[in-house]
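Trainee: Protein chains in written order, with numbering that gives the first Met the number 0: chain V, 0 to 240; chain U, 0 to 128; chain P, 0 to 403; chain R, 0 to 133.
Just so you know, the hints here were simulated from the structure itself, not pulled from any lab data.
Please note that a few of the clues may not be correct.
Unchecked claim - In silico BS3-like cross-links for lysine-lysine, where the CA-CA straight-line distance does not exceed 25 Å: (1) R:Lys65 <-> V:Lys229; (2) P:Lys200 <-> V:Lys13; (3) P:Lys311 <-> P:Lys133; (4) V:Lys8 <-> V:Lys27; (5) P:Lys90 <-> V:Lys13; (6) P:Lys90 <-> P:Lys189; (7) P:Lys189 <-> P:Lys344; (8) R:Lys106 <-> V:Lys231; (9) P:Lys179 <-> P:Lys133; (10) P:Lys311 <-> P:Lys344; (11) P:Lys206 <-> P:Lys225; (12) P:Lys225 <-> P:Lys73; (13) R:Lys129 <-> V:Lys8; (14) P:Lys206 <-> V:Lys13; (15) R:Lys65 <-> R:Lys24; (16) P:Lys73 <-> P:Lys344; (17) R:Lys24 <-> R:Lys106; (18) P:Lys344 <-> P:Lys225.
Unchecked claim - Pulled a few chain V residues facing chain R out of the computed Cβ check, cut under 8 Å: (19) Gly83; (20) Thr84; (21) Thr86; (22) Pro91; (23) Gly158; (24) Ala203.
Ideal Cβ positions, reconstructed from N, Cα and C, are used throughout, including at glycine.
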Amino acid sequence: MAERDVVFKVLRYKQGETVPHYDTFTVKTDENTTALVALQAIRRDDDPSLTLRHSCHHGSCGTCGMRINGEEQLSCVVNVQELGTPTVVVEPLQNAPLVSDLVVDMAPFFDRYTQPEMPYVRQSEFMPEADVPDGIGHYTRYENCLECGLCVSACPVMGSDASYLGPAAMAAAWRVVAEPRGSDPEFALNWADNEHGCWRCHVAYECTEVCPSDVNPAEAIMSLRGELTKRKFRRVFGLGK
Amino acid sequence: MQSVLSNQTTRKRAAQSGAAGALWLVQAISGLLLVLLLLLHMVAHHFVVEGGLRNFQEVLAYVSNPAIFFLEIVFLIVVTAHAMLGARAILLDLGLSKSASRAANWGITLLGLAALVYGIWLAVAIQNL
Amino acid sequence: MTSISILCLWLFTGYIMSNYHVVIIGGGGTGGALAHDLALRGLRVTLVERGEVTSGTTGRHHGLLHSGARYAVKDQESAIECIEENTILRKIAPGTFEENDGLFVAITDEDVEYSHAFIEGCAECGIPTQQLSKQEALRLEPNLTDDLILAVRIPDATMDAMRMPLRFFATAKKNGVDIKTYTEVLAIRKQGEAVTGVQVKDHTSGKVYDIGADLIVNAAGPWSGKVADMVGVEVPIRPSPGVMVAVRGRWCNMVINRLNTSSDGDIVVPQRGLSVIGTSSWVVDDPDNLGLPPDHIQAMYNHGTMMMPVLKNAPMRAAWSAARPLIGPRKADADTGRELSRTFKCFDHVDEGVEGFVTITGGKATTLRGMAEAAANVVCEKLGIEEPCRTREAVLLPHTAYYA
Amino acid sequence: MQEYRTTRDGVRGERPLQAWFDVRKRNLGSWAFAINRLTGMGLIVYLVLHLIVLSTLLQGEQGWDKFLEIARSPFFLAFDIVLIFGILFHGLNGIRVALIGMGIGAKNHRSLFWVLMFIGAVLLVVSAWKVFTI
């Protein structure tokens, strides 16, 4: 086992402070150590006051998102030794109020994300050749989006417009248009059709780049634009509905 | 689950719904038009001309052609609209307050109109030289 | 005059009653469900958790809503708990589960032999089964091994290990429970034999302060032994970690279990675009230091591949350990923990000379509501409150309501 | 390193202005956006200058010829190349943004970018040759 000491430079902040600072810790790692496990080791062995969010440890719950060496990632699936840097810089997500250390307040994120009402179990598109068991309408699976907020942190528009709906929420809205499952696609379209919605995007595709779960929010936003534009043309030229 | 943000704002936004999309469409279409117009503009003004630039007499002769005059005016309108919409996007990205962004909208509109008036006046004045 | 004093007494007791304050230590599934239960019974509840909610064992399991079939032969108490709670959870948390059912697959003669006891056990526990031939099973799950002999369909489902319990937290919060995350218990205050509150540190600000309590519930899962140490009582808890491996690709839609006694690598649970192979089992002392034995990762691949050959070359997304809070003698000789029951227990430590301190532990994610009901019954009995449990019917808020 | 500012929501890490142009650790789309915005701002400035310069026509032949003299200097011609780069990038990237915004090629925005940039590079070389030889 290739054990190696890695220096972690971690952003620290507590309520009441005005400026965050950085603390450094040295962590013993092996070839399986993830950034999350290293941070938990810091909390266990060096500083119990280090706060961070985590839950599933396999890139499925979306709580452990942070900026590692300047890139938004889920810390539970980042292999420390594969990063290849002698010092690993760990910072909380951007474009969200800082609670403490690596914890940001997700309320503004979910405040957008719950609208339009979005079912999070969808039809499974896998293995179309398989039969579905009797008594089950169709196979289901979870929506891809982990609600981790990486896209919101990476988005260059989020910091410019406090009311911007943001990539995750608009990706959810597009899912409702693409596969309504009882929700109202018209509501979803109208919801995104404004200055702080799909028209605000500058097409930097950063949301899609950092998404750990293949949601592709940028394409979703462009699809919302496309659909709205199509409707506009239809209305102007009186074609179809 | 109806959250505060969306419920309050959805109704408000529904009222202005379409405006943002229309502006984006104008920006996109004017941009695409500009690609064509600019190509014409560049070729007609520079690439087919000996030395790349017309001298004073050549300019006057060129602009006196009504078709060219019309094309230049259209070019002026489209480029101004596109530029002002672009400037507006940049201004809005500064995270302006509500009143400031309203002021920015008016400022942009006035600036655009001023540019148009100036441009058309200039074109007419040159034609009358 | 008498009537007035009775009225006063009634008002007074009413005042006292509504102000009973319960502090729950531990923001896992059990603590969340207990907070929800107690809030519905009208108690004032504060929940303290040293990290984010669901950051311990709760969020980290493979995401199986047990049908109970896994325990139908050797641990029928757990099996019956599971099937009951399975049915209730589907009802109170609609839209939370991938209700795709599960298969127990027999791939050796020994497995086939076991299937008789298995089907019988399921029947005894009230778990519906449907036996499928090899061909029938392969039509449902084409990636199963060709060595398949037969399969039994049971009502397993997939849950999101974090979001299902989050619905309890969301509902509890809405009903007035004060959920204090990043708040670590430093000490438990006692006056004579009775606990009176907790001293906590808020890690978001560094502030240390006291929270008064009429009753404290220790719902710290694998950490409940450490919490019990603070008041000098013994909780027979065995942190028993297991390794799980998530591979890229969703190789099945149903939950695939090995039709045999519980062993390493006997389950594959689909999760979004991943498939999770679980689980190994051993025993540790410190639930904060589980480690991740590399040979266990390889074992998961090897055993998973026996049921679904396609897993052999599936790239790994993550491997991790999670500690089950199993009930058994603490710090006994190391073993695998497999033989310990998966049922739960509620301990009132009054016999050990501590009043007002209750521990709920053991159990599994599927039975979180049942554990909460049992613990809430004990809490209410101790406080003399006669309120029925309402969590079997109350439909939970969506998980997003917790943050928004 | 992250930058922090205090807002009414408390302290938060965000860079409202830098985010446009800070392309460290960022990807193709951010480069495209940053250059698009830079060239856009440049072109607005140029548009204003252009309109002002044309007013020299009103000063008659002399004023115009003086401008022509400056415009034919090598320094000015080099400036023309920068201008043409700006126009080509902004225009071609704009085509990409407009297309994917209408739902065309949203999946293949990268290839679209490189195809357009290839066209742009060819056009830039041709125009540069034109500018210096005409």
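Trainee: V:Lys8 and V:Lys27 were given as a pair; does the straight-line alpha-carbon distance stay at or below 25 Å?
Mentor: holds, 14 Å
Trainee: Given the hint that P:Lys189 pairs with P:Lys344, test it: the Cα-Cα distance must not exceed 25 Å.
Mentor: Roughly 24 Å between the alpha carbons, so the hint for P:Lys189 and P:Lys344 holds.
Trainee: Under the criterion that the straight-line Cα-Cα distance not exceed 25 Å, is the pair R:Lys129, V:Lys8 satisfied?
Mentor: violated, 54 Å
Trainee: Hey, P:Lys179 versus P:Lys133, does the alpha-carbon distance stay inside 25 Å?
Mentor: violated, 51 Å
Trainee: Is it true that the CA of P:Lys311 sits at most 25 Å from the CA of P:Lys344?
Mentor: This hinted pair is violated, its Cα atoms lying about 39 Å apart.
Trainee: Given the hinted pair P:Lys73 and P:Lys344, is their Cα-Cα distance within 25 Å?
Mentor: holds, 18 Å
Trainee: Please verify whether R:Lys24 and R:Lys106 have alpha carbons no more than 25 Å apart.
Mentor: Holds. R:Lys24 to R:Lys106 sits at ~22 Å (cutoff 25 Å).
Trainee: Does R:Lys24 sit within 25 Å of R:Lys65, going by the straight-line distance between their CA atoms?
Mentor: Measuring from Cα to Cα gives roughly 48 Å; hence the hint is violated.
Trainee: Can you confirm whether the C-alpha distance between P:Lys225 and P:Lys73 stays at or below 25 Å?
Mentor: Cα-Cα ~30 Å, so violated.
Trainee: So if I understand the rule, the pair passes when the alpha-carbon distance is 25 Å or less; does P:Lys206 with P:Lys225 pass?
Mentor: holds, 22 Å
Trainee: Checking hints one by one. Is V:Thr84 an interface residue toward chain R, by the C-beta closer than 8 Å rule?
Mentor: Check failed: Cβ of V:Thr84 comes no nearer than 12 Å to chain R, outside 8 Å.
Trainee: Are the Cα positions of P:Lys90 and V:Lys13 separated by 25 Å at most?
Mentor: Distance of about 41 Å is beyond 25 Å: violated.
Checked against the numbered hints above, the structure violates hints 1, 5, 6, 9, 10, 12, 13, 15, 19, 20 and 21; every other hint is satisfied.
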